[in-house]
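Chains H and L, in that order, give the protein sequences. Each residue of the first sequence is one higher than the one before, starting from 2 at the first, in this note's numbering. Each residue of the second sequence is one higher than the one before, starting from 67 at the first, in this note's numbering.
Fair warning: there could be bad hints in the mix.
Some residues of chain H that are not near chain L, with every Cβ distance over 10 Å (derived) [what the hints assert, rightly or not]: (1) S13; (2) N28; (3) R42; (4) K43; (5) D67; (6) K71; (7) V112.
Listed next, the in silico BS3-like pairs over lysine-lysine satisfying Cα-Cα at most 25 Å (straight line) [as the list claims (entries may be wrong)]: (8) L:K123 with L:K144; (9) H:K57 with L:K166; (10) H:K57 with H:K71; (11) H:K3 with H:K68; (12) L:K123 with H:K3; (13) H:K57 with H:K68; (14) H:K71 with H:K3; (15) L:K166 with L:K123; (16) L:K77 with L:K166; (17) L:K123 with L:K77; (18) L:K144 with H:K43; (19) L:K166 with H:K68; (20) L:K77 with H:K43; (21) H:K71 with L:K166; (22) L:K166 with H:K43.
Residues of chain H clear of chain L, computed beta-carbon distances all greater than 10 Å [unchecked claim]: (23) S29; (24) A30; (25) E46; (26) D59; (27) Y72; (28) T106; (29) P114.
The set of hints was computed from the structure by calculation and includes no laboratory data. All C-beta atoms, glycine included, are put in the ideal place defined by N, C-alpha and C.
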Amino acid sequence: QKEVEQDPGPLSVPEGAIVSLNCTYSNSAFQYFMWYRQYSRKGPELLMYTYSSGNKEDGRFTAQVDKSSKYISLFIRDSQPSDSATYLCAMIDYGGATNKLIFGTGTLLAVQP
Amino acid sequence: GAGVSQSPRYKVAKRGQDVALRCDPISGHVSLFWYQQALGQGPEFLTYFQNEAQLDKSGLPSDRFFAERPEGSVSTLKIQRTQQEDSAVYLCASSPGGGKGYEQYFGPGTRLTVT
């Protein structure tokens with residue numbers, strides 16, 4: 002079993018919809034939770050990060066972390082065709098020797114105009 | 067300022083050839099990471115540098131993989147005697163380190179195809 006599980010999709014929604022992307026994880030030592038966006042043939046771009054449990058909002062994006070359930074979410078409001086990309090969740094055991102990111106497989110999102 | 071750059075962007079190698087992939091991190095970033103991304107998968111950690119010191123190479127899949135960062139800036143990932151299973155996108159990321167060690171900024175990657 003992978004440390005981080007993410008539904009690969011693809012997920013197709015109409016423009017303006019609310020999108021919910023989720024990951025589960027098994028390592029309770031994870032403390033930082035990131036969401037990256039990756040366009041085709043590009044490197045991952047850091048969208049948001051959250052430390053420990055709680056919510057964080059940035060424009061149309063909201064990240065939620067529930068450490069008790071080992072479950073994280075990213076919500077995208079008023080989705081736009083330009084949001085079409087692969088969304089990767091990633092986590093860090095910040096107390097470890099290396100701040101290496103542990104990624105999910107990524108969810109491919111298509112927002113239809 | 068400039069982001070992380072990688073070269074070449076695309077590389078085709080015949081099985082058995084050696085390849086070298088270059089990463090130029092963001093200026094001043096202490097930490098540098100290499101990841102491997104197979105098609106349809108998330109990136110997987112290969113190795114980590116803090117300045118010129120390679121502190122973690124636990125993700126390197128075999129002794130054919132070697133990475134260096136001799137002056138604490140540019141890094142090179144070398145793969146000897148390439149095999150078809152080495153075909154992937156190789157991503158480099160840099161981080162300021164210290165209290166911002168969780169922020170990693172990725173380059174565009176090098177897509178390696180071994181034929």
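Results of checking the hints against the structure:
no.	hint	verdict
1	S13	holds (17 Å)
2	N28	holds (14 Å)
3	R42	violated (8 Å)
4	K43	violated (6 Å)
5	D67	holds (19 Å)
6	K71	holds (17 Å)
7	V112	holds (20 Å)
8	L:K123 with L:K144	holds (13 Å)
9	H:K57 with L:K166	holds (18 Å)
10	H:K57 with H:K71	holds (17 Å)
11	H:K3 with H:K68	holds (17 Å)
12	L:K123 with H:K3	holds (20 Å)
13	H:K57 with H:K68	holds (14 Å)
14	H:K71 with H:K3	holds (13 Å)
15	L:K166 with L:K123	holds (21 Å)
16	L:K77 with L:K166	violated (33 Å)
17	L:K123 with L:K77	holds (23 Å)
18	L:K144 with H:K43	holds (21 Å)
19	L:K166 with H:K68	holds (21 Å)
20	L:K77 with H:K43	holds (15 Å)
21	H:K71 with L:K166	holds (23 Å)
22	L:K166 with H:K43	holds (23 Å)
23	S29	holds (17 Å)
24	A30	holds (14 Å)
25	E46	violated (7 Å)
26	D59	holds (14 Å)
27	Y72	holds (17 Å)
28	T106	violated (5 Å)
29	P114	holds (25 Å)
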